[in-house]
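The listed protein sequences derive, respectively, from chains A and B.
Residues in the first sequence are numbered from 1 upward in steps of one, following this note's numbering.
Residues in the second sequence are numbered from 1 upward in steps of one, following this note's numbering.
No wet-lab data here; the hints were simulated from the structure.
Nothing here was measured: the structure is a model prediction, and the numbers come from that model.
Please note that the accuracy of each hint is not assured.
What the hints assert, rightly or not - Chain A is faced by these chain B residues, among others (derived, beta-carbon under 7 Å):
1. 5
2. 8
3. 39
4. 40
5. 46
6. 93
7. 102
8. 106
9. 107
10. 109
Virtual Cβ for every residue (Gly too), placed ideally from N, Cα, C.
Each chain is listed here by its residues.
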Amino acid sequence: NAGVTQTPKFQVLKTGQSMTLQCAQDMNHEYMSWYRQDPGMGLRLIHYSVGAGITDQGEVPNGYNVSRSTTEDFPLRLLSAAPSQTSVYFCASSLSRAGTQYFGPGTRLLVL
Amino acid sequence: QQQVKQSPQSLIVQKGGISIINCAYENTAFDYFPWYQQFPGKGPALLIAIRPDVSEKKEGRFTISFNKSAKQFSLHIMDSQPGDSATYFCAASKYQGGSEKLVFGKGTKLTVNP
């Protein structure tokens, strides 16, 4: 099992550019989520999904879109990157929304 | 409203000492309290977890103490080692029925000096 994988590991964007952060899991988990981690702010939930075709907003959803067409994949889209979106992004999956979260290795994003 | 409050924000301990990180929660429906450990450049990983039917859980040098009446729980790291240097997150959720999402504290950066 690869667990939760994320690509890319590091990305530099210019303000206004768009991009997609990829996340995949091979544990057949229904619940997947995206967090951003900033110094002193902990892990903040961006969007989550309770199964294929079902997504919902978390704590800080503005500027991000998600979709869940398969159980395995949960991409995060930045529509028009802003410097405030400079952060480390983690994807996680779990059997349920309340259960143990398995995190990917993260994507470090720098928006200039 | 922050549902899980964690302190301290940072902690420096000498090798062999005891590291103590505290968390307090608001929602009395929470019934699952995990701790996550994150090393630099890595994603968080589950370290140890407790349910409120016990007051303490120990795994090796790591112990969770739980006080239901005070709505507080803490992580104790005995005989702290430089390899324990990491960021620690407490979290809470309502596991039964899965109706409450896992919510995280803001994290504690632990540094263990050799």
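Quick rundown of the hints versus the structure:
1. Given hint, residue 5/B at the interface with chain A, is violated; its Cβ is 11 Å from that chain's nearest Cβ, farther than 7 Å.
2. Violation of the interface hint for residue 8/B is found here, the shortest Cβ-Cβ separation to chain A being roughly 12 Å, above the 7 Å cut-off.
3. Hint on residue 39/B is violated. Least Cβ distance to chain A is approximately 11 Å, over the 7 Å limit.
4. For residue 40/B, the suggested interface contact is broken, since its CB lies about 11 Å from the closest CB of chain A, more than 7 Å.
5. For residue 46/B, the suggested interface contact is upheld, since its CB lies about 5 Å from the closest CB of chain A, less than 7 Å.
6. The restraint placing residue 93/B at the interface with chain A holds, with a minimum CB-CB distance near 4 Å, inside the 7 Å limit.
7. The criterion of a C-beta within 7 Å of any C-beta in chain A is met by residue 102/B, whose closest approach is roughly 6 Å, and the hint holds.
8. This hint holds: residue 106/B has a C-beta 4 Å from the nearest C-beta of chain A, less than the 7 Å allowed.
9. With a least beta-carbon distance of about 5 Å to chain A, the hint placing residue 107/B at the interface is held under the 7 Å criterion.
10. The restraint placing residue 109/B at the interface with chain A is violated, with a minimum CB-CB distance near 10 Å, outside the 7 Å limit.
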